[in-house]
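**Q** Input sequences plus hints: build the corresponding full structure.
Protein chains in written order, with our numbering: chain S, 9 to 255; chain C, 9 to 255; chain E, 9 to 255; chain H, 9 to 255.
FYI, nobody ran anything at the bench for these hints, they're computed from the structure. Among these hints, one or two may not hold up.
Note that identical chains are pooled: a pair holds if it fits in a single copy or bridges any two copies.
To be verified - Below, computed lysine-lysine pairings styled on DSS-like, alpha-carbon distance capped at 30 angstroms:
no., residue 1, residue 2
1, 156, 14
2, 108, 241
3, 14, 132
4, 19, 156
5, 19, 241
4 protein chains.
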Amino acid sequence: MLGGWKYANIKDGSFAEYFHVNNANANLTPIPDSISDDTAVYVCDMLSTGFMGAEHANIPLGGTVVVFAQGPVGLMATVGARLLGAGLVIGVDGVSERLKLSRHFGADVVLDYTQVDPVEEIRKLTGVGVDSAIECLGAQATFEACIKATRPGGTISVAGYFGHGDSVEIPRVEWGVGMGDKVIRTGLCPGGNVRMSRLLKLIEHGRVDPSPLTTHQFDFQEVDKALHMMETKEDGIMKPLIIFPVS
Amino acid sequence: MLGGWKYANIKDGSFAEYFHVNNANANLTPIPDSISDDTAVYVCDMLSTGFMGAEHANIPLGGTVVVFAQGPVGLMATVGARLLGAGLVIGVDGVSERLKLSRHFGADVVLDYTQVDPVEEIRKLTGVGVDSAIECLGAQATFEACIKATRPGGTISVAGYFGHGDSVEIPRVEWGVGMGDKVIRTGLCPGGNVRMSRLLKLIEHGRVDPSPLTTHQFDFQEVDKALHMMETKEDGIMKPLIIFPVS
Amino acid sequence: MLGGWKYANIKDGSFAEYFHVNNANANLTPIPDSISDDTAVYVCDMLSTGFMGAEHANIPLGGTVVVFAQGPVGLMATVGARLLGAGLVIGVDGVSERLKLSRHFGADVVLDYTQVDPVEEIRKLTGVGVDSAIECLGAQATFEACIKATRPGGTISVAGYFGHGDSVEIPRVEWGVGMGDKVIRTGLCPGGNVRMSRLLKLIEHGRVDPSPLTTHQFDFQEVDKALHMMETKEDGIMKPLIIFPVS
Amino acid sequence: MLGGWKYANIKDGSFAEYFHVNNANANLTPIPDSISDDTAVYVCDMLSTGFMGAEHANIPLGGTVVVFAQGPVGLMATVGARLLGAGLVIGVDGVSERLKLSRHFGADVVLDYTQVDPVEEIRKLTGVGVDSAIECLGAQATFEACIKATRPGGTISVAGYFGHGDSVEIPRVEWGVGMGDKVIRTGLCPGGNVRMSRLLKLIEHGRVDPSPLTTHQFDFQEVDKALHMMETKEDGIMKPLIIFPVS
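**A** This is the structure:
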């Protein structure tokens with residue numbers, strides 16, 4: 009469990025110029041010439057995690073999907089829902105800049121939870137609830153909303169990281185008292201060279217361009233500042249690009 | 009949601025000699041001569057619900073399965089896990105008579121939760137946790153134990169009815185903080201004549217004999233007593249058989 | 009088997025102003041105001057059949073897909089492959105007008121089989137072969153090419169109708185001598201109101217516009233001429249629209 | 009394609025006392041003390057291949073299955089069909105000794121194709137045809153019979169090796185003219201330590217005992233004789249056990 013996370017977060021050297029990759033044969037793939045490094049870097053995590061959120065959501069062709077939270081992972085889940093054939097994609101967030109990006113990345117409808125009750129609006133739009141809800145924040149409120157917004161027989165796909173508390177609560181009645189055939193699925197960013205090369209193909213052939221996620225850019229010596237901003241989310245930062253000095 | 013439940017519990021006439029069946033063409037199936045009515049009656053709910061618990065559990069061939077609670081549904085989930093290729097089936101309950109039936113119906117190992125900590129024992133038996141856990145009670149304690157007893161990437165299948173409280177709690181850490189790829193699935197007794205005839209085939213060809221579930225028998229005029237005993241569970245009752253008078 | 013075909017082709021009245029629909033409750037769905045009738049009519053067959061071809065093809069997100077034959081069903085399979093997340097879609101036909109439509113409907117690469125050997129070209133483009141091949145003609149040559157063009161572990165999805173001969177031949181070696189884990193799947197246009205309303209949603213929200221398939225238009229009294237042209241395929245006909253007189 | 013076959017058949021040393029195993033970490037698993045070596049050896053191929061035949065067959069719980077050919081792989085497919093919940097298993101062969109073993113390993117009905125037309129008998133037993141047919145010989149006649157014996161929407165799973173001819177023929181009409189939604193799936197013996205340990209668990213807990221497959225036993229110096237007999241199938245040989253001398 010959490011092997012990929014350990015690889016990226018605990019293994020020494022992930023910020024060094026050269027980095028040891030386990031089972032390189034199975035994990036490395038060439039970047040096509042037509043894709044710049046600052047775009048390609050997104051396939052390792054944001055694309056793979058966000059798309060996984062959509063892949064785990066059992067979206068029927070033409071189905072309805074809501075994505076809760078439109079940060080980098082949520083935005084890529086929005087793209088993923090479009091790529092996998094959703095007929096209606098609803099993006100939910102409370103920051104207007106993110107809702108604008110949500111539209112840019114393919115949401116048909118965006119809901120600002122500071123203005124409306126998303127579950128109520130989703131009910132109005134879909135009647136019985138969405139086929140699939142994707143949780144991209146890792147919070148009780150959004151998890152709960154996912155259960156409530158999903159139709160019987162639908163799927164709740166969790167891409168967020170739940171960092172606090174002893175437990176996460178499933179609202180009993182909206183879960184169908186254990187009989188609503190609602191699937192709750194979670195996952196961790198999938199890797200491997202077959203997946204990486206497929207994700208690169210999606211960029212190469214114009215299905216997705218993640219570069220609008222890069223709102224800030226830093227030299228390597230400013231990496232601490234970048235990490236700090238990722239914590240504070242100040243200045244509307246989505247993702248910082250760190251440039252390694254080329255000698 | 010819960011359509012089948014409404015059919016059985018709210019629609020008038022379910023205790024009458026003749027009963028209107030919606031879409032009879034799709035819902036009725038002949039009972040083979042070799043199966044007696046008091047055995048056949050189990051396919052409508054106990055077999056279908058218990059087996060559904062196992063079918064939803066993504067059991068790999070040769071995989072490890074735990075079934076929490078060994079009442080009628082749990083016992084049929086135990087049978088279902090065996091029928092679907094589990095290599096190790098663990099039955100958990102606190103009543104010794106039920107654990108005896110658990111062994112009878114195919115559990116390789118039974119655990120009495122009044123004597124041992126089932127999660128701890130399951131860890132000892134399986135190392136990383138079971139591939140699949142089936143919840144057949146509808147209670148916080150067993151639901152929680154299912155999450156804890158399941159390996160990363162495993163499945164928790166809920167066949168129990170959760171009747172109380174505002175929410176059901178997922179233990180956050182053992183759930184993999186939202187990243188353990190543990191699937192939580194629920195469901196309601198599936199019906200239809202294709203399924204019914206398949207379940208009858210399993211009885212007909214000796215794969216399962218549910219008749220040990222019938223611990224008590226009543227005439228129709230005693231139906232209230234039977235229903236009362238199902239609530240109190242007195243006298244070790246599993247399932248009462250109600251005999252309609254034949255004129 | 010072939011129930012849907014019998015409904016459309018043998019049941020009396022399919023050309024009448026009013027037509028009896030079996031299980032209307034389960035089969036009829038409202039057409040949204042924003043969709044014109046001449047567009048909506050495509051969801052009944054071309055979209056549903058072509059998309060089924062893609063849905064049966066197990067396309068991995070970012071995967072490679074070839075669609076053999078770019079008639080109306082093949083073009084909708086091309087759209088379907090895009091909608092379901094293909095990273096590279098290859099359209100094959102021998103008529104330049106159809107290859108132009110293939111590009112219009114989302115093929116990244118088109119191959120004219122009168123100019124090149126498609127299987128050879130597909131190998132050059134993909135190395136090991138495509139993940140998924142969709143057969144939309146119903147002919148030995150295209151079926152065979154699908155087997156040859158697909159990688160081990162890939163899927164061949166058949167949407168074409170095979171009208172002639174005693175048998176269809178699987179090329180033994182390229183099939184992996186029965187061990188290449190290549191799946192061959194077939195199907196018949198799926199129906200029902202849930203599917204219809206999802207397909208309409210895809211039109212409503214701009215995912216697909218099938219109207220370029222309509223190359224000709226006739227009044228109802230010319231229906232014989234239209235049917236004749238569908239047989240001869242003269243004048244580059246794709247699909248004729250038949251207008252019923254409104255009194 | 010066929011990587012596993014190359015490993016077992018072309019790589020040097022597969023008959024030596026010590027043998028190099030690629031990615032040993034992922035491919036080796038301990039044999040439990042309770043399982044003798046001459047039983048354990050079957051998990052590497054016969055169990056894994058035969059069970060794969062059943063796993064690929066999409067057997068519904070309580071469904072009907074036919075297994076064509078009851079050699080070692082076919083017999084293990086018969087066991088696999090039982091383990092995966094089939095409600096009726098039909099074994100087909102032309103050798104009475106094998107039909108006896110077929111019954112021993114779990115077939116409910118056996119058909120001797122030298123006495124009856126299996127497809128006709130299967131129709132009598134099932135009406136519309138079986139849910140799943142498993143091909144365990146690798147021949148045109150059995151492949152064809154599988155297509156013919158399977159209901160619309162059913163699955164044909166191929167576990168046999170097809171060694172001859174340019175093509176394998178699908179009977180067009182019984183295939184539903186490309187529209188019967190019959191899936192044809194193939195595969196090659198799956199490996200890896202997770203699978204091996206699961207198969208061992210099935211032996212350990214009494215789900216299957218493959219030892220009746222061993223009809224003959226030889227010392228290592230007689231290996232040529234054993235291989236010769238496997239070609240001629242003389243003396244009713246199923247599988248020979250080769251004993252390595254222990255010094």
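**Q** Against each hint, give a clear statement of whether it holds in the structure.
**A** How the hints compare with the structure:
Proximity of residue 156 and residue 14 under a CA criterion of 30 angstroms is satisfied inter-copy only: 21 angstroms between copies versus 33 angstroms inside one chain copy. In this homomeric assembly, residue 108 and residue 241 come within 30 angstroms of each other (Cα to Cα) only inside a single copy, at 17 angstroms, whereas the closest approach across copies is 47 angstroms. For a Cα distance limit of 30 angstroms, the shortest separation of residue 14 from residue 132 across copies, 25 angstroms, qualifies, whereas the shortest one inside one copy, 42 angstroms, does not. For a Cα distance limit of 30 angstroms, the shortest separation of residue 19 from residue 156 across copies, 27 angstroms, qualifies, whereas the shortest one inside one copy, 39 angstroms, does not.
Only within a single protomer do residue 19 and residue 241 lie at most 30 angstroms apart by alpha-carbon distance; the minimum there is 25 angstroms, versus 55 angstroms between protomers.
Consistency with the previously given hints is maintained throughout, with no hint failing.
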